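**Q** As a plain string of letters, each chain reads:
There are 2 protein chains.
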Amino acid sequence: MTSNVCVLGAGRMGSSIARTLLDRGYSTWVWNRTAAKCEPLAALGAKVAPSVEDGIRAADVVIINVLDYAASDALLKRDGIGSVLAGKAVVQLTSGSPRLAREEARWVEAHGARYLDGAIMATPNFIGKSETALLYSGSRDVYEKHKPLLSALGGGTSYVGELAGQASALDTALLTQMWGGLFGALQGMAVAEAEGLDLETFKSHLSAFKPVVDAALFDLVDRTNARRFAGDDATLASLGAHYSAFRHLLEACEERGLNAAMPRAMDMIFRQALSLGRMEDDFASLAPLFRNGSPPQNGEATNA
Amino acid sequence: MTSNVCVLGAGRMGSSIARTLLDRGYSTWVWNRTAAKCEPLAALGAKVAPSVEDGIRAADVVIINVLDYAASDALLKRDGIGSVLAGKAVVQLTSGSPRLAREEARWVEAHGARYLDGAIMATPNFIGKSETALLYSGSRDVYEKHKPLLSALGGGTSYVGELAGQASALDTALLTQMWGGLFGALQGMAVAEAEGLDLETFKSHLSAFKPVVDAALFDLVDRTNARRFAGDDATLASLGAHYSAFRHLLEACEERGLNAAMPRAMDMIFRQALSLGRMEDDFASLAPLFRNGSPPQNGEATNA
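So the sequences go chain by chain: A and B.
Going letter by letter, the first sequence gives residues 1 to 304 in UniProt numbering.
Going letter by letter, the second sequence gives residues 1 to 304 in UniProt numbering.
Treat the hints with care, since some could be wrong.
The list treats identical chains as interchangeable, and a pair is accepted whether it falls inside one copy or across any two copies.
Here are the simulated DSS-like pairs of lysine-lysine, each with C-alpha atoms no more than 30 Å apart in a straight line [claimed, not checked]:
#1 129 to 210
#2 210 to 147
#3 77 to 203
#4 147 to 203
#5 37 to 203
It should be emphasised that the hints constitute simulated quantities derived from the structure, not laboratory data.
Owing to the predicted nature of the structure, the values given are computational and were not obtained by experimental measurement.
With the hints as constraints, model all of the structure from the sequences given.
**A** This is how it looks when you write it as structure tokens:
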């Protein structure tokens with residue numbers, strides 16, 4: 001039995017979701033605050049819901065994709081909605097923080113519905129493709145029952161945990177790693193250009209150096225996972241060795257008048273670890289310092 | 001005609017360099033402050049120089065690899081050295097900043113010798129391997145004349161420019177990109193674990209997401225190189241879209257009491273760009289903000 005779906009929000013992403021579902025033969029209702037945005041979808045066979053209530057009432061699965069949680073709250077958190085939600089599967093695909101996802105789960109569940117939170121790791125034009133990843137957390141029942149429908153939106157769909165905030169947290173964690181590398185590239189390019197190097201040269205060496213960087217990245221994750229912070233035979237470079245090279249970056253920024261906001265933040269963290277006696281420890285020994293702003297009190301695994 | 005080489009410094013890296021040269025049949029002199037460290041090399045056929053002066057005098061090519069430039073200065077910048085340097089090729093492999101390399105080049109050249117500065121992108125055990133990268137800048141003549149010898153130390157040897165500081169700058173630039181990604185991973189892991197996710201889950205999704213991150217990285221370099229900062233059809237995500245997701249990181253750090261030094265530095269740069277009206281511009285439009293701490297005055301390419 002095919003589910004009836006309602007997609008609330010027909011912006012670029014919501015429309016792409018609705019089109020993909022229609023294409024796979026799902027009976028699809030759509031609603032959008034500006035009704036005109038539903039017209040192209042209606043032309044493809046979507047049924048246009050006259051109101052949010054009507055859309056929810058007609059569907060087993062309610063997919064929400066609007067600008068942000070404030071917009072989502074404006075749709076859902078008002079009279080008349082709570083009573084039609086009972087028994088529905090609510091799939092929140094609006095981008096938000098882990099906290100917002102957790103709060104939304106409590107609200108939805110309090111109204112007798114089940115809640116699945118999703119993070120879309122792609123732009124709208126990638127919805128429906130085999131390589132597109134969507135991360136889900138919250139109700140495992142909803143995920144299992146509607147897996148064919150959810151997988152229609154992206155072949156790389158996966159369930160990451162029962163806590164509603166976990167999809168958003170994993171999304172944020174992956175983007176954070178990406179932003180680190182991108183901001184690092186921006187900083188590195190500024191250093192290279194300040195010394196008269198062109199960015200073609202930077203790029204070709206960045207490619208050549210990539211296997212080393214990737215190996216260091218996955219080694220860092222493995223060591224942090226295993227809490228193997230002390231330096232050992234497999235340590236690629238000790239914290240002291242990293243910091244010795246890192247000081248050249250600080251000097252280059254100062255000498256060339258480059259923005260040093262990022263290097264200064266890194267320097268603060270490096271120096272905090274070194275002040276804890278971690279010179280000979282692995283780079284991964286920085287990990288505990290990220291959990292909170294103050295140094296760990298119990299002296300986690302260190303050579304000292 | 002094979003060159004006579006002198007390697008000053010027989011620590012882990014210097015010894016690995018000397019061993020590799022001996023292995024390739026180069027007539028190799030070695031010197032180290034603690035002479036005992038030369039003994040294993042002597043057993044392999046190295047000639048031990050009784051003094052730095054003697055080592056330099058015996059060689060055409062002088063390779064220096066000591067702890068830092070201060071240690072290098074202590075060897076070279078004293079009476080009796082200047083007079084034996086004339087006509088030699090000095091290859092400085094001690095790790096240092098671009099400024100130190102530039103100053104060293106001036107000093108060496110003032111004593112009638114030619115100067116090549118090198119950055120070793122590897123740990124000692126990788127010296128001599130086909131994939132090992134060494135970056136060189138400074139005297140092109142020295143590089144061309146001694147290319148077989150230099151390439152013996154690593155198959156990925158390349159010459160990056162005539163300014164002595166350029167090898168160090170490129171080394172620093174590449175490491176900066178790496179540190180960005182590593183610090184980003186540490187921050188991301190803290191966010192994931194704060195929400196109860198295990199790092200195996202993080203790692204598997206990090207692998208799956210890698211192609212997206214790599215594409216964004218090289219796109220950023222290409223756009224920065226071309227100064228294509230305005231948003232266009234090929235823009236992967238606008239600065240506004242990035243920042244909208246980025247705020248979830250700030251919120252997660254605040255809610256979970258995570259170290260926010262890195263996110264705060266990134267936030268400052270994001271907000272500076274947004275205050276310049278770059279919401280719809282490409283992520284690459286952050287690049288000019290890294291060149292100096294203050295906003296550009298001439299309003300580089302922007303949609304605004």
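**Q** Next, verify each hint and record whether it holds.
**A** Hint by hint, here is what the structure shows:
no.: 1; hint: 129 to 210; verdict: both (27 Å within a copy, 17 Å between copies)
no.: 2; hint: 210 to 147; verdict: between (36 Å within a copy, 24 Å between copies)
no.: 3; hint: 77 to 203; verdict: neither (50 Å within a copy, 37 Å between copies)
no.: 4; hint: 147 to 203; verdict: between (41 Å within a copy, 23 Å between copies)
no.: 5; hint: 37 to 203; verdict: neither (42 Å within a copy, 39 Å between copies)
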